[in-house]
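Undergrad: Listed below, chain by chain, are the residues.
2 protein chains.
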Amino acid sequence: MDIDARRKADPEHWKLASAIRVLAMDAVEAANSGHPGMPMGMADVATVLFRNHLKFDASAPNWFDRDRFVLSAGHGSMLIYALLHLTGYEQMSLEQIRNFRQWGAITAGHPEYGHVEGVETTTGPLGQGIATSVGMAMAEEAMRAEFGPELCDHRTWVIAGDGCLMEGISQEAVGLAGAQGLGRLIVLWDNNDITIDGRVSLSDRTDQLARFAASGWRVLSCDGHDAADIDRALTEAAQDDGRPVLVSCKTIIGFGAPTRADSAKAHGSPLGADEIAATRKAYGWDGVAFEIPEDIAADWRAIGAKGAGARKAWNARVDALTGDSRAEFSRRIGDDVNPQLAPAIAALKQQTVDAKPKVATRKASENVLEVLNPHMPENFGGSADLTGSNNTKTSDQGIFNAENRLGRYIHYGIREHGMAAAMNGIWLHGGFRPYGGTFMCFTDYARGAMRLSALMGLPVVYVMTHDSIGLGEDGPTHQPVEHLAICRATPNTLTLRPCDQIETAEAWEIALSQKSTPSVLALSRQNLPLLREEGSGENLTAKGAYVLREASAAPAVVLMATGSEVEIAVAAREALEQGGTPTRVVSVPSMELFRAQSADYRREVLPENSVRIAVEAAIRQPWDWLLLGERGREEKSDFVGMTGFGASAPAPTLYKEFGITPEAVVEKVRALL
Amino acid sequence: MDIDARRKADPEHWKLASAIRVLAMDAVEAANSGHPGMPMGMADVATVLFRNHLKFDASAPNWFDRDRFVLSAGHGSMLIYALLHLTGYEQMSLEQIRNFRQWGAITAGHPEYGHVEGVETTTGPLGQGIATSVGMAMAEEAMRAEFGPELCDHRTWVIAGDGCLMEGISQEAVGLAGAQGLGRLIVLWDNNDITIDGRVSLSDRTDQLARFAASGWRVLSCDGHDAADIDRALTEAAQDDGRPVLVSCKTIIGFGAPTRADSAKAHGSPLGADEIAATRKAYGWDGVAFEIPEDIAADWRAIGAKGAGARKAWNARVDALTGDSRAEFSRRIGDDVNPQLAPAIAALKQQTVDAKPKVATRKASENVLEVLNPHMPENFGGSADLTGSNNTKTSDQGIFNAENRLGRYIHYGIREHGMAAAMNGIWLHGGFRPYGGTFMCFTDYARGAMRLSALMGLPVVYVMTHDSIGLGEDGPTHQPVEHLAICRATPNTLTLRPCDQIETAEAWEIALSQKSTPSVLALSRQNLPLLREEGSGENLTAKGAYVLREASAAPAVVLMATGSEVEIAVAAREALEQGGTPTRVVSVPSMELFRAQSADYRREVLPENSVRIAVEAAIRQPWDWLLLGERGREEKSDFVGMTGFGASAPAPTLYKEFGITPEAVVEKVRALL
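One line per chain: the protein sequences are E and P, in this order.
Letter 432 of the first sequence, counting from 1, is numbered 432 in UniProt numbering, and no numbers are missing.
Letter 635 of the second sequence, counting from 1, is numbered 635 in UniProt numbering, and no numbers are missing.
Looking at chain E on its own, in the form it has when it is part of the complex:
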């Protein structure tokens, strides 16, 4: 069907969709930067979705029971900005659209969560949206099971492009969603056959429908420029039969642009004045840039308001709740910190001081979770197929799957990246605090989504065990050496490396109290003694660094260490003190938290004129500021740690061979004194 025939076939739909297209063209042109082709190609699908299917109320962007809409192909950001503007989201003024991609505008190049209401998650790095949406859909199933469909009953709609589907993370999402039977998850594939380099066939010949079907998805197709056909497909997709749904929407990128449509040239740059004029003509669209005729604007606003009734009915149901269930539901969707967290941690710390357990911090972490989880129904755990190694599952947790939506533990499979993205989605949906485990070394696999946790400010918890050469025989492929540096280098990320069960409990208290920062718990495989002698006091881990063992006199030496190396520092201190050298041990569970302390406190912990040694079985890079800065001195400091990759051997051998021992510390101190 040619463009004129389409225009005439459904003039009302055509006008609505054209409004999206012209706004996308105009905004990209004004910014002289951006991606017009995708919004132009998917405007028909998005129009049908928002008009006939998506449950939302533009006047209440954060209504909990709204359908979630995820633009996984985030470069098409003008699609969602146009939709938010047209349907009447208050924030999304025409001024914002005009300022697309400019400093201070909420209309960032790619949609950013937290900058703009109606954007459910940050997208742009391809594949993240589809993988995050899996977490949203799992959270929806879990909340529905827990609180009933009266309070939670919605779908997750995703628009994804070929780029999303080629990224490996998409397979992790597809596999996980299929296994979990997420029947309310619907992915609309912008099947336009174009990538930046040209035709998809340059790099892929995958039959996506067959691929998704192979992982247990229901697959549908439609003509992505035929409103009736789109509506048919979405209607069918919305029937939950226990399988997630892929809808192939056959579209033309840059639809209607005479010389650029159906070509990579429509993808990532402005069309130019001439092409825009010609395209507008093809659309039958008059007027100046950014102008939307009032009748079309009114129709769009009506679409934005149509969910108000459903929202009010939902509000009434919430208002009708009584007592505990109302309070709990409000707390949960408000993401409030659980009031039982602090007392539970305090009690556990006291018990720990009494029991003096010598356990790996991964086991200590399990001990903490065993205490917390029964009190914290919002904790939603999981592991990327290392449950017994990460110690992430507690005895009270059932398995979350299609048969048991009340389970609170997810077998994510061997999918670190998909897990991290799903955790982001679980938090974004609301109702839960997700945590998930893998080996510290495999933060490498999850990096893309971990960065988005930080960028979006989502307080998810990464339980990263086997955090050094201390994992031993598995060897350098599994031994992190640069990963603490990587986590510490990432903005808005709390890296916590506790040294014993008390610090582990404190680290969990910190992580589960965060409101806008993800945490990485770096935990040992090997057993560690209890080093904290007092458990009743404040959360010392929250200071980032503190004096764990005081020197017998004014400290000539300060030994700094984290996690499994604090034990080594304590042993070195013994030897130094016996040799008459007053030596302080400072435990540094979190550099980020220490940096946030007052300069006075930092100076108190790290006095200026002492010798400083840092001990960590990892590379030195993040330690330089504490060794050389904060009034440390190059000629009076040194580092005991790793300078390269590890090796395969039992852990005690590795520590000895790589020279991370009390003896090595003592030797370096003596060389400096």
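Take these hints with a grain of salt, some might be off.
Partial pick of chain P residues on the chain E-facing surface, computed with a CB cut under 8 Å [said to hold, decoys possible]:
id, residue
1, 195
2, 202
3, 415
4, 625
No wet-lab data here; the hints were simulated from the structure.
C-beta: ideal position from N, C-alpha, C; glycine also.
Once you've looked at the hints, dock chain P against the given chain E.
TA: For chain P alone, kept in the frame of chain E given last:
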């Protein structure tokens, strides 16, 4: 068929396979660590492969035209160690097997390339092997096309498990191999239905055969414990019909272990003495641990020797080559540095000084490659669907695909991780120097394979463009801030951030001269002026840091900068010098290379008593050693850069808003003076 029936059905095969199984059990038991279940499950398949199909000669592990064998399920390392030992690889003595996972042994926990002949690539991080093998198979096609099947004519065989197939990187590999039509790539799937957490169905319900078929693979199945059926499937798989092949081998993990077979308990820990005794009985195997009866040992050695004839015939064909083709083939498979590299770079530098181009370093990189590629047929380029942005394709390069195996440019698709792993595979195969591009920010996606480049010591080149907030409007999802720190934190990785076309040419010269270190070229999106005034001299980039602009007198101030910020430092110097402050500018294209210089040189470049400011549009972490150490002082140094994520706006606005300007540098200097 029960185990007795299988044993009787083919007693000779049974003995050969049992030898693998008992060695795996015994070695894991002796180490008290390791993974016995996978080698026990895949011993039958491996035996048939090595006995009847794999082209190799144990006496010549590095014979170029051998089939490549990749154990993607690297935790089953005892499978390959047993095979290497039994077939007579000299290095793999019984002593090494006995010392499995011990310090100094070549039998590391996971197979490590470079530690042991016969291990074609390091595996262990799941999915890497299958993705690396795609590169090997592409390199084989390319070498065969270039030098003919007389010199290059072999297959790539991979053993992969469910873990490999669940990892996202596997989809990137599957999609790329399917699109490329790699008919000599054969993946043997250890279809044992078990992951660490339990049955595969806990987390996946993917029909793998359908999934692979959807991406253009040929799919076969066999009973993985029936030698005849395995042989049938492998024979069929070895027929190249232009599609890569997946063979589902239905196996039982821990095959034969009475209480642990077909369970996650067979996966990752020693079986224990009792279970081993019972298993040996089931196998009909007598003798003490590690003992192989001489008849079986002899049969295995014969298998190891059967390829000698083919190898000698190949040697004769190579010897028969004459003149240039012989020299070129030898140079190429020897991975020698191209003798034309240095003169080509020298000429380009001289031209650059004359022409004074103001170009983005990504464009400068293209200019360099345009000069080099016609002289360097070993250069094998590509991009993860950002060809026009990464500027990675030169005009002489054809597209490498199923129709044109002489093309030297790969459209990798939107698959950063798969690209990086394939680059590793291309290098490992031999004959080529791969380089590949994406945005610097998406090193995140490629991290897993980039770490293996470093760990294996493969001099591949990552062309990472759009390396800072300088990319502008795409916003924080696309703006690296921590990624330079990440690359610099990774052992054995050269991070090169050139400031203009001269440094870019020098960086390429360095990268293409490496023998055992990968390089990351961090390149700007935005145009940069030519700052180097002299092009005839030595490669100054190779010093890591050098004086780019000398101070008018003894330097009171030293400004250090990299890449696009060197221009800012130079402008700040102008202002400071005009104000009477003698100011030196030090360009720091590579911290790793600077660290490798003599202390004298470093002191010369960074004098002790001057004020130091570093300027880089990224986080500070890697700069502390140059600001605070090497006799720098906290009270006389400062940093101008990023402290968090970027934002979406035009680049000049971002530099101004984030305070990375000459004025900000001058202000900080004045505050310190």
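Undergrad: Hints first: check each against the structure and report whether it holds.
TA: Verification of the supplied hints:
Hint on residue 195/P holds. Least Cβ distance to chain E is approximately 5 Å, under the 8 Å limit. For the restraint placing residue 202/P at the interface with chain E, the shortest Cβ-Cβ distance is roughly 4 Å, inside the 8 Å limit, so the hint holds. This hint holds: residue 415/P has a C-beta 6 Å from the nearest C-beta of chain E, less than the 8 Å allowed. With a least beta-carbon distance of about 5 Å to chain E, the hint placing residue 625/P at the interface is held under the 8 Å criterion.
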